[in-house]
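Student: Protein chains in written order, with full-length UniProt numbering: chain G, 1 to 237; chain P, 1 to 237; chain V, 1 to 237; chain A, 1 to 237; chain X, 1 to 237; chain B, 1 to 237.
Derived by calculation from the structure, the hints in this document are not laboratory data.
Covered stretches of chain P, as calculated for chain V (at least 3 residues, CB under 8 Å):
no., stretch
1, 30-44
2, 62-76
Okay, derived cross-link-like pairs now, DSS-like style, lysine-lysine, Cα gap no bigger than 27 Å in a straight line:
no., chain 1, residue 1, chain 2, residue 2
3, G, K146, G, K52
4, B, K22, A, K22
5, B, K82, V, K82
6, A, K196, A, K31
7, P, K196, G, K223
8, A, K82, B, K82
9, G, K196, P, K223
Some chain X residues well away from chain B (every beta-carbon gap over 12 Å; in silico):
no., residue
10, T18
11, G19
12, R75
Glycine included, C-beta positions come from ideal geometry on N, C-alpha and C.
There are 6 protein chains.
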Amino acid sequence: MRPSGRDLSEMRAVSIETGFTKHAEGSCLIKVGDTHVLCTATIEDRVPPFIKGSGLGWVTAEYGMLPRATNTRMRREASSGKQGGRTVEIQRLIGRSLRAGVDRVALGERQITVDCDVIQADGGTRCAAITGGWVALRLAVNKLMKTGDVVSDPLVDPVAAVSSGIYAGQPVLDLDYPEDSEAGVDGNFIMTGSGKLIEVQMSAEGSVFSRAQMGELMDLAEKGVAELVAAQQAATK
Amino acid sequence: MRPSGRDLSEMRAVSIETGFTKHAEGSCLIKVGDTHVLCTATIEDRVPPFIKGSGLGWVTAEYGMLPRATNTRMRREASSGKQGGRTVEIQRLIGRSLRAGVDRVALGERQITVDCDVIQADGGTRCAAITGGWVALRLAVNKLMKTGDVVSDPLVDPVAAVSSGIYAGQPVLDLDYPEDSEAGVDGNFIMTGSGKLIEVQMSAEGSVFSRAQMGELMDLAEKGVAELVAAQQAATK
Amino acid sequence: MRPSGRDLSEMRAVSIETGFTKHAEGSCLIKVGDTHVLCTATIEDRVPPFIKGSGLGWVTAEYGMLPRATNTRMRREASSGKQGGRTVEIQRLIGRSLRAGVDRVALGERQITVDCDVIQADGGTRCAAITGGWVALRLAVNKLMKTGDVVSDPLVDPVAAVSSGIYAGQPVLDLDYPEDSEAGVDGNFIMTGSGKLIEVQMSAEGSVFSRAQMGELMDLAEKGVAELVAAQQAATK
Amino acid sequence: MRPSGRDLSEMRAVSIETGFTKHAEGSCLIKVGDTHVLCTATIEDRVPPFIKGSGLGWVTAEYGMLPRATNTRMRREASSGKQGGRTVEIQRLIGRSLRAGVDRVALGERQITVDCDVIQADGGTRCAAITGGWVALRLAVNKLMKTGDVVSDPLVDPVAAVSSGIYAGQPVLDLDYPEDSEAGVDGNFIMTGSGKLIEVQMSAEGSVFSRAQMGELMDLAEKGVAELVAAQQAATK
Amino acid sequence: MRPSGRDLSEMRAVSIETGFTKHAEGSCLIKVGDTHVLCTATIEDRVPPFIKGSGLGWVTAEYGMLPRATNTRMRREASSGKQGGRTVEIQRLIGRSLRAGVDRVALGERQITVDCDVIQADGGTRCAAITGGWVALRLAVNKLMKTGDVVSDPLVDPVAAVSSGIYAGQPVLDLDYPEDSEAGVDGNFIMTGSGKLIEVQMSAEGSVFSRAQMGELMDLAEKGVAELVAAQQAATK
Amino acid sequence: MRPSGRDLSEMRAVSIETGFTKHAEGSCLIKVGDTHVLCTATIEDRVPPFIKGSGLGWVTAEYGMLPRATNTRMRREASSGKQGGRTVEIQRLIGRSLRAGVDRVALGERQITVDCDVIQADGGTRCAAITGGWVALRLAVNKLMKTGDVVSDPLVDPVAAVSSGIYAGQPVLDLDYPEDSEAGVDGNFIMTGSGKLIEVQMSAEGSVFSRAQMGELMDLAEKGVAELVAAQQAATK
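Please model the complete structure; the sequences and the hints are all you need to start from.
Tutor: Put into structure tokens, the structure is as follows:
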């Protein structure tokens, strides 16, 4: 009944290729089905003004989409002169989510910027960006620990994200674009490897949902995140 | 134990003064404690390009904050040359939320723009904006129905929003600024008068939460929204 | 003969509600007929670079209009990405006018920013902004004097502003919007409580005027400013 | 007593070289002492949307200053990404002033854009721009009349502008930069060839002035404008 | 003597992977050594206003660099609010170069936009973008010919580009980043498969060069372009 | 056969009027036929951050065009909010070219900004800007040497630029606008007084060219630059 023929609770195929670019301190190309996101992590010694001198670290994120990542070419944000509302919303979410899994004292006064650039989009780009972004962050932190710049591991728990939603009246896991564009309700669930919640966003465009449905979507999400965390572990071992 | 002395499940005082400005088709000044938001609804015959000719209506929202609505003066967005990420995120939320309560066929091919401008801020401005925005929308639609431009009521169910969160380890309803700035977890719940969910956003900055806590916060939100809907009904009777 | 039925030299009703918002060091909502402007004064320790270290203070102003303050909704300047020419022109005028009544040595090296935001417009918003802006400034300076940060009063003379113009061939005081949009000549007069001139702007759009008419408009303005200064004094006593 | 040795009521030397550039329908380089402004008039068939179909013409103006027109290099507005407040204020003034001398019915539904670019600045650039701008406009209209596109002369009365102010306690005509930067009060007077007023702007930065002083400055201005109009007539004969 | 150990006239390894993304009408990932550029071609029915109705086609290009494509993270152009001068210069070059190989009558009134996004940079990104951009263009045109939308092949001759320069006093082919940053003179040569020149840019930063040196660099470039054209043919066969 | 009646290798008339504006440390109005460019040089003590403390000087350039320098009025870049791609490309070229003739050690840690503003355009504005820009630079450096701020002359060799191209199948020198808009191939050659090359840009819009043609265009350019350098020497003697 799903356009892709998947079961209701079946994720798309996930692959994570680490070291996709050579300059970044950490990088990977994550593929969740036909959604491909390049994630890089950059370590810098400077921190934002509001924590200067605090001894605390910072993790932030930026998100972009190549103009022809989508079915129809979108105008390049650099040429239109500003990041759209959707971009801003997503990159703030990625940053908040990744920070939730970081011990900022252990990280020390430095900043890690995670860039997530969508090479090809087929639904769920923000979730793939968070899941792949954590891998890039993990690899960058590994480098800091190898050099001894960081002693105690600041990444206390993996962070991954997945979507679920009501499609054609049924709760389904990991919506692809054809599902996403038709779904009455969709949610994004950002969770830790130990099953804690970091952020939940459920939204109904021109529709409503019940607490019971909310529970079903959460059940699916827990299953999906567990699979993603396993993929992260495999990639960064 | 709350800075304001309120009980854990106690809302701040709510007042809604309708007709606060004379030009708008609908307007109100909503006060939720010391958070004061001016909401106006403007009816226009044009609709966005993507629904032109569809016969469907559109509801959209914009959000702003006066520079000295806050404790410290913020730079005016008009002078800094763009709306910040937070502004964009909030106004998209308001628009989506209000649309969820609208029968766009009944509204007919016209657009209603709801402007929410924060006169004074003390936490929870986005929730006050949604709750007050719906009142402005209600009043504007009443005008359309009085003139016969709209025949069947397109506002199928009231829409209101409230926050809850974990403050000092306890779930509390309707966070004010001192609570909001200290809360480990906070959520915004947008619901209908009949208790359905439109949007749920729960977020932990540098922290995590459990499904059980999520349930407690939802319980509080249901109580708060019921009180807000009663205030909306009283104001627009 | 005036649309409002007022006499040629009759001002609209004026009210000034002080303390309209709680965060600002000084604030008021001034109403001149149906023109309502919220004015707030913010004290900051920093001054613009060009007077740093001079020991002199600075007073500046910003002006904005809520999108639906007017009969037809105007695009939000924050969303269009810049302040329009009219906004820039008006806020520079407000700043210059208020500074004319300030002893900048007595103020000391600090800056006061006066924000004037039009809640509802019906002609004469720049004059109401100056008159109300001075009240906000007065209240903020009072606070500085109460704490002893400022010893000698830097506000040497009140500042107020009023318009007059030629409407239907007759000189009239305090133009409302229906008059303003039809007037062949209109002027804005910024004066002190002691009757001195700070700024005079008289302008004929597609028309011309004589020195004799200029004198008549000034006579009206002197009467209007005297009434406004009385209202300022009453409000800040 | 004036830095330049001029009498109190003495203008700087004025020269107007017409046809300074070959492409524009009208152009001149006006020199008022060391203030040099290049003015060009461009005729276009399109008019602004708000008068489309009205049969009325439009005259508008833009103003710019080359980066090193001034003693210290100013940042190029094209590179800083926007026109400053002073630029916007001045170009609106030029446009309003020139329109006051135009019979827009006689002009017919077309637009003339007058560009005023300051090549070298020494005080009084806005007045020189208006005076020279009218010459460019005159030449462009002459072309329209020669071709028969316009039959009845739409330029009913010349428009010229001059400054006067209180310098070192004395009223002086046509302030140059050393005077302008020290003057307590300065005014710009835009008048017609027949001695009518179009716009009066008098302003005291950190000072005040009386009605009597206002009269003295107006007297000076009337003398100056008469001389400028004579120079315009000589240049466009 | 070259940092990479290459001979003076030796290109880096070149690979072209076609079909790298699924949505674009043509796409490839071109690798010239460690410089990796993703090129996509998008076919649209609209053309720029200046050729509307002419029956002629248009080819244009945009260029971007991911923030961490370089050794040090660069600010994202979308977030800084505009494309830098270097970006603008490069994308205009790519567009001009590709158009030189296109019969715009045969293409018909449609536009192909070639997006070149640098995934990893190690010198010579503009040349790689042109060479890979032509491949994406070739693939998109193939699609148009397969569907019969285009009958006669508009790609009259392949287009490819290579750099050469004076490094450590010696003429070398295909500069990588360590060479490029030290070279006294560097040139970019855009040529056709049949050995004709489309664009030559030779530039000495803080240095000069002779006509004889210019000839040597051209000789190297001819060799390099021949190899690149062979790689293009192999990839698009 | 050329529209202007010139011989194939004949330059337009060149005149250079130095001291055109009084404030700049160096200035000239260069006229190459009907192309008129005002060039000013500004000396500042600050240098760009990347050479601060290095003891080296910097020369940079900005380029602009007055709105009616061209046959049709162009939108003012200050009002459109950014410099177009063509402007950016040209001003980067001017800066690079002038720097090539400067001994930055001899100049000392200061910056000279050369502003080139096109008053009237008829083809070849970038070449006129470089040739005139060098004259303004020469005059400014003369001032530094007269005051003793600079001891050894940092201008090692004059810099001038000229265009040549293939027009109607023939190589011609110094293209004017009618030729430039029809030319299949055009090149800009920036050279030193001693005949060395600084930058060569040859470009074919929708066409191609051979190495033999390239040589012919270079021959013409060498002749043109020699004449321009003579004019520079005459003007700055």
